[in-house]
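Residue numbers (numbering that gives the first Met the number 0), protein chains in the order written: chain A, 0 to 343; chain B, 0 to 343.
Calculated from the structure, these hints are not laboratory results.
A few of these clues could be false.
Since copy identity is lost for identical chains, a pair holds within one copy or between any two.
Think about it this way: if two alpha-carbon atoms lie no more than 20 Å apart in a straight line, the pair counts; the simulated EDC-like pairs of lysine to aspartate or glutamate are [unchecked claim]: (1) Lys-171 - Glu-253; (2) Lys-316 - Asp-276; (3) Lys-338 - Asp-312; (4) Lys-56 - Asp-105; (5) Lys-216 - Glu-137; (6) Lys-269 - Glu-170; (7) Lys-269 - Glu-21; (8) Lys-269 - Glu-252; (9) Lys-56 - Asp-68; (10) Lys-257 - Asp-217; (11) Lys-127 - Glu-39; (12) Lys-269 - Glu-137; (13) Lys-338 - Glu-327.
Being a predicted model, the structure only gives us computed values, none of them experimental.
These are the residues of each chain, in order.
2 protein chains.
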Amino acid sequence: MRYIMIIDCHGHYTTTPPQVGEYREKQKTALASNPHHVGEKGSIIISDDEIRESIEKNQLRLQQERGTDLTIFSPRASWMGHHIGNENTSRFWTEQQNDLIRRVCDLYPSNFAPVAQLPQSPGVPPEKSVAELVRCVEKMEFIGCNLSPDTSGGYWRDASLGDRCFYPLYEKMVELDVPAMIHVSASCNDCFHTTGSHYLGADTAAFQQLVMSDVFKDFPTLKIIVPHGGGAVPYHWGRFRGLMQDQGFAPLEESALKNIYFDTCVYHQKGIDLLLDIVPPENILFASEMIGAVRGIDPETGYYFDDTKRYIDNNTKLSAEQKNQIFEGNARRVFSRLKISDVK
Amino acid sequence: MRYIMIIDCHGHYTTTPPQVGEYREKQKTALASNPHHVGEKGSIIISDDEIRESIEKNQLRLQQERGTDLTIFSPRASWMGHHIGNENTSRFWTEQQNDLIRRVCDLYPSNFAPVAQLPQSPGVPPEKSVAELVRCVEKMEFIGCNLSPDTSGGYWRDASLGDRCFYPLYEKMVELDVPAMIHVSASCNDCFHTTGSHYLGADTAAFQQLVMSDVFKDFPTLKIIVPHGGGAVPYHWGRFRGLMQDQGFAPLEESALKNIYFDTCVYHQKGIDLLLDIVPPENILFASEMIGAVRGIDPETGYYFDDTKRYIDNNTKLSAEQKNQIFEGNARRVFSRLKISDVK
Chain A
0 MRYIMIIDCH
10 GHYTTTPPQV
20 GEYREKQKTA
30 LASNPHHVGE
40 KGSIIISDDE
50 IRESIEKNQL
60 RLQQERGTDL
70 TIFSPRASWM
80 GHHIGNENTS
90 RFWTEQQNDL
100 IRRVCDLYPS
110 NFAPVAQLPQ
120 SPGVPPEKSV
130 AELVRCVEKM
140 EFIGCNLSPD
150 TSGGYWRDAS
160 LGDRCFYPLY
170 EKMVELDVPA
180 MIHVSASCND
190 CFHTTGSHYL
200 GADTAAFQQL
210 VMSDVFKDFP
220 TLKIIVPHGG
230 GAVPYHWGRF
240 RGLMQDQGFA
250 PLEESALKNI
260 YFDTCVYHQK
270 GIDLLLDIVP
280 PENILFASEM
290 IGAVRGIDPE
300 TGYYFDDTKR
310 YIDNNTKLSA
320 EQKNQIFEGN
330 ARRVFSRLKI
340 SDVK
Chain B
0 MRYIMIIDCH
10 GHYTTTPPQV
20 GEYREKQKTA
30 LASNPHHVGE
40 KGSIIISDDE
50 IRESIEKNQL
60 RLQQERGTDL
70 TIFSPRASWM
80 GHHIGNENTS
90 RFWTEQQNDL
100 IRRVCDLYPS
110 NFAPVAQLPQ
120 SPGVPPEKSV
130 AELVRCVEKM
140 EFIGCNLSPD
150 TSGGYWRDAS
160 LGDRCFYPLY
170 EKMVELDVPA
180 MIHVSASCND
190 CFHTTGSHYL
200 GADTAAFQQL
210 VMSDVFKDFP
220 TLKIIVPHGG
230 GAVPYHWGRF
240 RGLMQDQGFA
250 PLEESALKNI
260 YFDTCVYHQK
270 GIDLLLDIVP
280 PENILFASEM
290 IGAVRGIDPE
300 TGYYFDDTKR
310 YIDNNTKLSA
320 EQKNQIFEGN
330 ARRVFSRLKI
340 SDVK
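Chain A with its partners taken away, still in its complex shape (with noise of 0.2 Å):
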């Protein structure tokens, strides 16, 4: 089966240059000896040669053995690590990583376009990402940004994102028409297991929060993406339609499903197949998380578990026009600054 393109709205650039992981260790030695350390932001020395190897063994390799076009790429969210250090530690970094993100997109730009990390740090008010997201969105041409929502790796001492010290930041991301995924980072606390059950529960807990909160009557042009399938949503949206109903609140096609998309982070075929048939099509955007949470293949199929492709081509519900929606137009909708002069 062949669509006009492909866009997979999910993948962060894990396979970076060593010199991006020493970056990040010389930040946390001089942590070591004063956690209020400042620094700078310094400089990562990568060559467009080193940047073209990490990208073209890996993620571009992929994308043509699996035939998909563009990715909207973003740092490593695993490396966000927003518990380390400071509001300083957290704003050089994510300045770093958003910069390598634009180089990529720049050497390939039409296979990756640039979504941005945010620089929150525990105890920081969200406000304080505003001044990153404009740089990246206005100066660098980024069209969405990666929304944590547990700055704590794992502890859940951070406010809802239904709380309003989140507004700023969503004035901002309406303004400039970009979307949010929401997406934690790395798991510090032993209980949760990062790829597993730290982003699944952050995906489930993201859409309650905000579904149970006044952002999306406050903001009823924001977009947000719970990505991985949604956590948990979809195979519990009886009970989540059951407790909005018992508190009172409006039906969820009503009250998140003109907000909130899902994207198609799930790694096996029965799974997809109940997210196309709970949500609505033009609520799902197509996404693979390559390279990143699963790496391995499937031994009951062959082909790698997070070839997410193969899932929604083999599904038999919907149209050609349904995956369509799913493979380009939801996310051409979504990502409103996707440039078509990016793509091929």
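Position chain B relative to chain A; hints supplied.
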């Protein structure tokens, strides 16, 4: 459709007479002036008639309306409140709650079988819960217990269930041959909604803690029920299979399904269909959590969201024999102390 017997493995006494709440309020008042308050077990004066009224108008009525026979019944989960007060607070409260469950089951021996709350408390080793488990099982003929993976009310400050601090409890469970249902209590963290994101996130986290630990190697006959349809697990079965494989663990079928059971508290047809399609029937126990998390009627079907028997009845893939397993056989196997004479 009619089966030999329908056993609902997941019901809480959510409709207790007001004296129960009053006892708890007195505990809280005493703690407000002295967090180290010890107090005493004291007594909660409730007549048999008051218990009858609280049960007959509610759980018993719904059992009859829905055609279920026996509910495996435990104290109200959201009221366990392990984070409140200290070790003594939880001990006395738990003993009272378990005593009350015993009384319900004495009044309706054909309709309810008792499962214990445990007196877990933050910072107190799980070993300290062994005495109450023994009291309930050996002296009061309880057939299982509820085990919380988070006594901190949504802040996840405890050890993982894979930690050896839980081993004395597992050892006693194995010796007594009683299962534990994983169940958190209310969230006091604004980030989580108790019966939505908190319950489901805890189910998912607990599953992953256990399957990525040595617990089932060290206790090959331990029996664990992950409620609410396993949280996000069946929907993300591919992700969990892939993560296990990436990290060198045995496949879930070998490492998890000899010890873990999922209940059917999934409140819509498509969700139940997925559960029944992913998880082998021998690992599924019928449950509704009635009267619990979601109390309303689904306007799309005209039936209660939590009338989960209907969804299983309506499932077209499983055979009658497999449905019998889910409705009765598996519960008898897992709750091996359930006496035949207890039921009709």
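Evaluated hints:
1. Lys-171 - Glu-253: neither (24 Å within a copy, 50 Å between copies)
2. Lys-316 - Asp-276: both (8 Å within a copy, 17 Å between copies)
3. Lys-338 - Asp-312: neither (26 Å within a copy, 51 Å between copies)
4. Lys-56 - Asp-105: within (17 Å within a copy, 68 Å between copies)
5. Lys-216 - Glu-137: Cα proximity of Lys-216 and Glu-137: none, with 26 Å in one copy and 55 Å across.
6. Lys-269 - Glu-170: neither (38 Å within a copy, 37 Å between copies)
7. Lys-269 - Glu-21: neither (41 Å within a copy, 48 Å between copies)
8. Lys-269 - Glu-252: Answer is between; shortest inter-copy Cα gap is 17 Å, intra-copy 23 Å.
9. Lys-56 - Asp-68: within (16 Å within a copy, 60 Å between copies)
10. Lys-257 - Asp-217: within (13 Å within a copy, 49 Å between copies)
11. Lys-127 - Glu-39: Only inside one copy: Lys-127 and Glu-39 sit 17 Å apart there, 50 Å across copies, limit 20 Å.
12. Lys-269 - Glu-137: neither (41 Å within a copy, 44 Å between copies)
13. Lys-338 - Glu-327: Answer is within; shortest intra-copy Cα gap is 13 Å, inter-copy 58 Å.
Hint compliance for this structure: hints 1, 3, 5, 6, 7 and 12 are broken, all remaining hints hold.
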